[in-house]
Amino acid sequence: MFYQEAGQFSTRYTQDHRVFRLRQDRYGLSTLLLFAFVAVPYLGNDYWFSAILIPFLVLSLAGLGLNLLTGYAGQLSLGSAAFMAVGAFATYNVELRVPGSPLLLSMALGGGVAALVAVLFGLPSLRIKGFYLLVSTLAAQFFVTWALTRFSWFSNNSASGVISAPRLEISGVDLNSPVGRYLLTLAVVVGLFWLGKNLVCSELGRNWMAVRDMDTAAAVMGIALLKTKLLAFAISGFFLGVAGALWAFTYLGTVEPHGFDLNRSFQILFIIIIGGLGSILGNFLGAAFIVLFPVLLSNLVALLPAGLIDAGQIENLQKMAFGILIIVFLVKEPEGLARLWQKFRERARLWPLRY
Amino acid sequence: MEFFFEVLIGGLLAGVMYALVAIGFVLIYKASGVFNFAQGAMVLFSALTFVSLLERGVPFWLAFVISLTAMVLLAVAVERAVLRPLVNRSPITLFMATLGLSYVIEGFAQALWGAQVHGLELGISDEPLELGGMLLSQFDIFAAVTAALLVLALSLLFNKTRIGLSLRAVADDPLAALAVGIRLQRVWVLVWAVAGFVGLVAGLLWGARLGVQFSLSLVVLKALPVLIIGGFTSISGAIVGGLIIGASEKLAEVYLGPVIGGGIENWFPYVLALLFLLVRPAGLFGERAIERV
Amino acid sequence: MAQTQATKVEHLLVLENIGLSFKGVKAVTDISFAVAAGEICALIGPNGAGKSSLLNVINGVYQAQQGRIRFAGEEHRRMRPHDAAVRGIARTFQNIALFKGMSVLDNVLTGRNLKRRSSWIEQALRIGRAAGEDDRQREAAERIIDFLHIQPWRDTLVGKLPYGLQKRVELARALAAEPRLLLLDEPMAGMNAEEKQQMSRFIVDINRELGTTVVLIEHDIGVVMGICDHVVVLDYGRKIGDGPPDEVRQNPEVIAAYLGTRH
Amino acid sequence: MPTFTDNPQPGTLPQWLQQQARQQGTGIALRHKRLGVWQVRTWHQLAAEVQHLATALHVRGFVPGASLVIVSRPRPEALIAALAVQWLGGVAALLDPLETAAAQVPLLRELHSEWVFVEGHEEIQRLRAAGLAPRLLIYADGRGLAEVSQAGDTLAFAQLLQQGSDHRLEPQARAERTAFAFYRLGVGQRLEQQRISHAELLQEGRRLVHGEQLGRQEEALAARTFAAGCQARYLLAPWLIVGFRLNFPENLETRDQDRRELGPTLVVGTRETYERLHTQVLARLPEPGSWRRRLVDWALVAHPSALQRHLGYWLIRRPLRDVLGFSRTRAPLLVGEALAPPTLAFFQALAIEVCTWPDPAKWHCPALWPAPLVNGWIEDSTQPA
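Chains as they are written, first to last, in the working numbering: chain A, 1 to 355; chain B, 1 to 293; chain C, 1 to 263; chain D, 1 to 385.
Errors might be hidden in some of the hints.
Here are the in silico distance ranges between beta carbons for each label pair [said to hold, decoys possible]:
#, chain 1, residue 1, chain 2, residue 2, range
1, C, GLY222, D, GLU122, 18 to 24 Å
2, D, ALA199, A, TRP341, 55 to 61 Å
3, A, LEU105, C, ILE127, 16 to 22 Å
4, C, ASP155, A, TRP341, 14 to 20 Å
5, A, ARG26, C, GLY132, 20 to 26 Å
6, D, GLY186, C, LYS115, 53 to 59 Å
Far from chain D, some chain A residues (derived; all Cβ distances over 12 Å) [what the hints assert, rightly or not]:
#, residue
7, TYR3
8, PHE9
9, LYS343
10, ALA348
Read the hints as simulated data drawn from the structure, not as lab findings.
If you're wondering where the values come from, they're calculated on a predicted model, not measured in any experiment.
Glycine is no exception: its CB is placed at the ideal position from the N, C-alpha and C atoms.
My request is simple: use the sequences and hints to build the entire structure.
Right, here's the structure in full:
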């Protein structure tokens, strides 16, 4: 109902294969990007950059990482935080031990290391399925955090494994200001989302979904299960690793291994449940929700007469609220916020007709 | 050598605790096919309720009864709010739902009773006891005995009562069970209530040991590898698995610890479970299903 | 394509004394038969006669404990599903095994995954061989879609399609692999007369136009006798009949199996 | 170069085709949705194919004035075949492809033509049923024809095209001769025909072009071409005269999706076309009584208030037109009988002003058939003025 589709037809497959077939979608996306890259830096203030936008972006990326593995390839994982940790510490060490290696390269390498670790813990996925796989990913979760605290080499012998951000600069441009960190994060996230979108639209993405929906049939059609699953782990690990590096260096600045504990993994799982399993957009929606909801809640509580709910309770309230939301989503809209949007869009495209 | 045995026995007894939590899992998994991540939260909630009541001067038995009723109510609520609406959904979905559930329960428990650590005194002295030249904690033995009794009670419940019969029926084949007029919902409530009871007992024992506090809900993370090794569907498996995990992690801590560093017992069980899986993908006692296509 | 290769070996598929059992329960015992290249061969028999199990053995979903399989001249003691696919065996399943979360087009495209040459990196970055190949694969998929008349539903999620169409999409997916041997497990189960007729028409066309050899399981004897060149009858895991339709129709044992209380 | 280079207004369809090919060779003449995308033919390619086919037919002895019976749903091959025989001064005899076999077989038997173009398997069955053994049978879609004898008399369109040669063959058509003939069984199963000469076609076509101010930028959807004379008059002729783009949908089931994708600017429809759309919309609108439906009804009134005009436009009329594929339509034409009032009202409410063009079809019984050969021409009288 918002835009006219008449006359938008493809005469070649490449046109039809485009990520956004409709002109209006492409325009919309470009304006959004323009806004994010140009307008926001002027409009936003430090609080928004450091407390809202950067964590939102990083968590979206982490969500994408897990979504590729769980939402698309159907492999349940509770080890996301571990892979983020690996990415963060690997990036840190590359920066530390390879003097003058460009920041982005270090991040990519960090992601690469995370990918390797992910593959290692993904290896059992050929023989074991479903919950059994949880064991493998939880093993990753606990082992990695243990190893990072235990062996101080990773953190350059700092106390309790704390690491802190290297100077953030790309080709001489200093990015340590909140705006700079925001732009850096944004750029990386946008780039990786482009990659992710391509992946899920490609052969590999289809194979992932095939394995997720019906792995026997997938095997019968000649899809190599192990390769497909391991690639899912590797690529998911890479995305999570980069997300971890961003989390450590553009968001927190300093981080210790326990900043990447099991609860972080849960948080990321919640992002994709609320946002939508098997959806790219969903990661943004879910992340936005996870970031904004606590802020909203505390503001609401602030509105209530003082002393009615003491500060200590807010955390408990939050926990309950999240828990309830998860259940509600699983019952009412298993495909998450993204699905709601999609439904709306489908109906709008046919409005005023019903089908 | 004696030292080895001490460690081993100590480990085994600690394993009993894991087994207790794992049994709660198995019950629920058998009857409703749900991988109940909230078991840990249930342990926390029951124990916390019990302790807080004690502290408020409620007599022991009454506190026990009240906490038990609380667990039953919880079971009813869960059946209404989670299991019924999610019937016929994929196990993964159900698992994630229990994840949410655990958040709700933990949040609720702490909102209700506060987050501070409560000591719990069950009146069993923890001084070691000389047995065959080995020092063993009385408390551990007591725990082991309780666990044994509990398992006995459960097996009676399952094999000797009508409820138990219908329960096994449901576990075997839900549809058939429905066909012969067994009411799934009721069975689920029952099972979750029983699991809650088991959770309460486990909670008390753990609580008496480490104090009743949030970390209790983390025992669930220990129970997982136990289940993997024992298989999701077998109570005896849960016990054996619990013992294996308990013993091996203690031994690993004592003998491997010095080599590769302390604190390994929170990941060691998983690695162990993983190794098990690669050898026996369905666990020790689990049945391997034939894929029909 | 398939035809030229197929005509070289006059028997595309040969089963010798296949025996399969689950935990000691015998599914099929000592089954031997041969499928000529380019023919439509039907496996019939009462429920539980072991037809599906046999199909699963042929494309390696199950491993037979006894017997040997010869496909296109090569002998295989044990074959994994993947190998079967690579050698040109495609199949559909008794209870539809489509990828519910994907569109019809994507399902068909997935069927062509073995025909891809470009690496996933090329595809992800849309560089190198990927671009051109995408178009070729899409065109091939579209030809199948065209062949089976499912254009109107190209972009619908298969989960949303009616049963009959899902069966057709599954056939399309199997066909997309350009198989030499096509295994169809009850392609017409639960269809009405009209749909059955349409489906048999498609199967015949596939066999005639594309030269694909077909082995199918079907309960509707009418259909079987109508479109098949060769019928193999199983009962309780044994072979009780093998030959051209009319001949098999006369076979007393077969008649017994069918007129008997079972079925 | 013969006669018509100095004559700016070619007198026959093939000459118009040549002219378009010369003037906008690289311009798009046809689009056909096949294999999921709209395959394009330029005027140059089109003209070349037509000539090729013409030469091929010529070699096989197709004489001026002979007629090619075409039984096919709209598809480029059929159109090319029609143009090719016209190129050779022949007649394209069209039968309604959606006719039931029962109604068509006797018709075919009556015609027993020597030259036939059919779409595929099903139509061939009908020919067989009618006991026809034409001199040349051309089919577009070889599906299911593996067993059909590939003898000289049965040829795939593509094969025939390859047999064509490049040697120039000027259009043989003459303005006053028949270009299209339409056949049906009239009262008492008697064969009735309608013959339209090039001159008449072009004259009608020109009238439309001027009346509707058609230009090269038009996009026309040809969902039911070959169905009736009016399609030839008001779609094919203007198409060749003006040189706009003719688009064939993927098939009849998908024509609505395809129309939405394409958004034609010129729609040539019969009463059935529009009323089918109307009933469809009525079925697909929100249930009566729902607030959505009330909103729709509020917006779709004959004489809208200012609010209804503007708000209603953005909320209902604009989106609805787009869903129907009418958002770019400049010239919605209705040929033949007028619309029923409710349908008319509906399209008016949508601000789609359907304008009617009468169908001057005259059906009459043919003289003896087939007509005798007179000095190399089959004698076909163009219809009485």
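Results for each hint:
no. : hint                             : verdict
1   : C:GLY222 to D:GLU122: 18 to 24 Å : holds, 23 Å
2   : D:ALA199 to A:TRP341: 55 to 61 Å : holds, 59 Å
3   : A:LEU105 to C:ILE127: 16 to 22 Å : holds, 20 Å
4   : C:ASP155 to A:TRP341: 14 to 20 Å : holds, 18 Å
5   : A:ARG26 to C:GLY132: 20 to 26 Å  : holds, 23 Å
6   : D:GLY186 to C:LYS115: 53 to 59 Å : holds, 55 Å
7   : TYR3                             : violated, 8 Å
8   : PHE9                             : violated, 4 Å
9   : LYS343                           : holds, 15 Å
10  : ALA348                           : violated, 8 Å
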